[in-house]
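Please model the complete structure; the sequences and the hints are all you need to start from.
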Amino acid sequence: METIKFEYPAKQPASGRVLVGVVGSGDLEVLLEPGESGKTRVTVNTSVDGAASQWRALFDRLFATLPNAAAMNLELNDFGATPGVVRMRLEQAMELVKQQAGK
Amino acid sequence: MDKSQNLKSNSFIELNARERARSILDTGSMRELLGPFDRVTSPWLKEQGIVTQADDGLVVAKGTINGQSAVVLGIEGSFQGGSMGEVSGAKMAGALELAAEDNRKGIPTLAVLLLETGGVRLQEANLGLAAIAEIHAAIADLRQYQPVIGVVAGTVGSFGGMSVAGALCSYMVVTREARYGLNGPQVIEQEAGIEEYDSRDKPFIWSLTGGEQRFATGLADRFVQDDVDSMNAVIRELAKAGVPASLRDQRIDEFLALLDSIDTNVQPNSAQVREIFGKGVKA
Chain E
1 METIKFEYPA KQPASGRVLV GVVGSGDLEV LLEPGESGKT RVTVNTSVDG AASQWRALFD
61 RLFATLPNAA AMNLELNDFG ATPGVVRMRL EQAMELVKQQ AGK
Chain U
1 MDKSQNLKSN SFIELNARER ARSILDTGSM RELLGPFDRV TSPWLKEQGI VTQADDGLVV
61 AKGTINGQSA VVLGIEGSFQ GGSMGEVSGA KMAGALELAA EDNRKGIPTL AVLLLETGGV
121 RLQEANLGLA AIAEIHAAIA DLRQYQPVIG VVAGTVGSFG GMSVAGALCS YMVVTREARY
181 GLNGPQVIEQ EAGIEEYDSR DKPFIWSLTG GEQRFATGLA DRFVQDDVDS MNAVIRELAK
241 AGVPASLRDQ RIDEFLALLD SIDTNVQPNS AQVREIFGKG VKA
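Keeping their order, the protein sequence lines are chains E and U. Okay, so the first sequence: first residue is 1 according to our numbering, each after it adds one. Okay, so the second sequence: first residue is 1 according to our numbering, each after it adds one.
Don't read these hints as lab results, they were simulated from the structure. Note that CB positions come from ideal geometry on N, CA and C, so glycine has one too. Mixed in with the good hints there might be a few duds.
Using 25 Å as the maximum straight-line C-alpha spacing, the simulated PhoX-like pairs for lysine-lysine come out as follows [stated by the list, open to error]:
no.	chain 1	residue 1	chain 2	residue 2
1	U	Lys105	U	Lys240
2	U	Lys62	U	Lys240
3	U	Lys46	E	Lys5
4	U	Lys62	E	Lys103
Quick partial rundown of chain E residues pointing at chain U, CB under 8 Å, derived from the structure [what the hints assert, rightly or not]:
no.	residue
5	Val22
6	Asp27
7	Asn45
8	Thr46
9	Ser47
10	Asn77
11	Val85
Counterexamples of contact, computed for chain E against chain U with all Cβ distances above 10 Å [stated by the list, open to error]:
no.	residue
12	Phe6
13	Glu7
14	Arg17
15	Gly24
16	Arg41
17	Ala52
18	Arg61
19	Pro67
20	Ala101
21	Gly102
22	Lys103
Structure, rendered in structure tokens:
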């Protein structure tokens, strides 16, 4: 098991918190909470060792497309999800927070 | 269920533990206790290099069923095989104890256990076993006041100490996809040999420990389709039925007499087991 941390610039804190996914084979759990203004903190706990550069590439690519992303504290508990599954779970979490805010 | 019905129905099995709990409680009544953001998780898995889940794989969902106070305890079968550790076990035992307390205070509260579990979490050994013993005691206490309804939907099934928890429940609900038994197929194969019990032979395994067989032999009380509405309707019916007239574990003499009558030199098949159990055990 490995723990990897990243930080990205962000805007205002996210409007709510949300949980998606489970720590099951090929899947992951994402806990999204409002972060400190201007900063997104990512903590990845993963069962797969030695994949830090893949994780960095994944988040670099995601946040490059989201220049106005809200500030979040993201905790990922990963059980061998592929990058595609990780990306879908992250987008699912961000979409749910937006939906909650819209209600 | 024919194909067109199958496409229209909403699968209960495909839901995760949290979604299952929400689907059983009255709409909009669910509130979670010790949820994932409280981060009360296993202190032991991390020490062994295993990724933890923020709720330790157990959902404690408080709400109402038929307008009556209820707690649904959902085990997440995808996380560590639904195994019961120190934290997940304490959450389940604690919630059942609080439900019994509420009954004594004049708030009738029933419980639904969503069992998808291989039993004790081996990495937490005795702590998990102790928690399961507390769960057993708490079920035996709570069921005096209100129904404790056990559900095995699949596809993990319910085994080990948690199958004993199922046997202690006021009512057991199973689907065709469920498996329910003390030892899991691989454990039996390892101990008895592949000639006697081939864990890869799925039709054989389900013919003996599958939900349909358990219902036919009187070890489960309701047999339902894998469908959210059907599951919801059965839980509501059992919640209304109240405390049952007799409990399975109070009929232990009947079961022991039956087991004594079986010739163990021949391995019975599914139909023969139904015949044996059909003689006297059906309540």
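For each hint, the structure was consulted:
1. Taking the CA atoms of Lys105 (chain U) and Lys240 (chain U), the gap is about 20 Å. The hint holds against a cut of 25 Å.
2. Of the pairs offered as hints, the one joining Lys62 (chain U) and Lys240 (chain U) holds, with about 18 Å between alpha carbons and a cut-off of 25 Å not exceeded.
3. Among the hinted pairs, Lys46 (chain U) with Lys5 (chain E) is consistent with the structure: their alpha-carbon atoms are about 17 Å apart, no more than 25 Å.
4. For the given pair, Lys62 (chain U) sits about 23 Å from Lys103 (chain E) by alpha-carbon distance, which is consistent with the 25 Å threshold.
5. Below 8 Å, beta-carbon pairs count as interface contacts, and Val22 (chain E) has one with chain U at about 5 Å; its hint therefore holds.
6. Checking Asp27 (chain E) against chain U by beta carbon gives a least distance of about 7 Å; that is within 8 Å, so the hint holds.
7. The criterion of a C-beta within 8 Å of any C-beta in chain U is met by Asn45 (chain E), whose closest approach is roughly 5 Å, and the hint holds.
8. Of the supplied interface hints, the one on Thr46 (chain E) holds, with its beta-carbon coming within about 7 Å of a beta-carbon of chain U, less than 8 Å.
9. Hint status for Ser47 (chain E) relative to chain U: holds, with the closest Cβ pair at about 5 Å, below 8 Å.
10. Satisfaction of the interface hint for Asn77 (chain E) is found here, the shortest Cβ-Cβ separation to chain U being roughly 5 Å, below the 8 Å cut-off.
11. For Val85 (chain E), the interface hint is violated, the least distance from its beta-carbon to any beta-carbon of chain U being 13 Å, above 8 Å.
12. For Phe6 (chain E), the requirement that its beta carbon stay farther than 10 Å from each beta carbon of chain U is met, with the minimum near 17 Å.
13. No beta-carbon of chain U is positioned within 10 Å of the beta-carbon of Glu7 (chain E); the least distance is around 21 Å.
14. With a least beta-carbon separation of about 6 Å from chain U, Arg17 (chain E) fails to lie farther than 10 Å from that chain, contradicting its non-interface assignment.
15. With a minimum CB-CB distance of about 3 Å to chain U, Gly24 (chain E) fails to clear the 10 Å threshold, and the non-interface call is violated.
16. Listed as a non-interface residue, Arg41 (chain E) keeps its Cβ farther than 10 Å from every Cβ of chain U; the least gap is roughly 15 Å.
17. For Ala52 (chain E), the non-interface assignment is confirmed: its Cβ lies about 15 Å from the closest Cβ of chain U, beyond the 10 Å cut-off.
18. No beta-carbon of chain U comes within 10 Å of the beta-carbon of Arg61 (chain E); the shortest separation is about 23 Å.
19. A cut-off of 10 Å between C-beta atoms confirms that Pro67 (chain E) is not in contact with chain U; the least separation is 28 Å.
20. With a cut of 10 Å on Cβ distances, Ala101 (chain E) stays outside the contact zone with chain U, its closest approach being about 17 Å.
21. Consistency note on Gly102 (chain E): stated as away from chain U, and its beta-carbon is indeed over 10 Å from all of that chain's, at 18 Å minimum.
22. Every CB of chain U is more than 10 Å from the CB of Lys103 (chain E) (nearest about 13 Å), matching its label as outside the interface.
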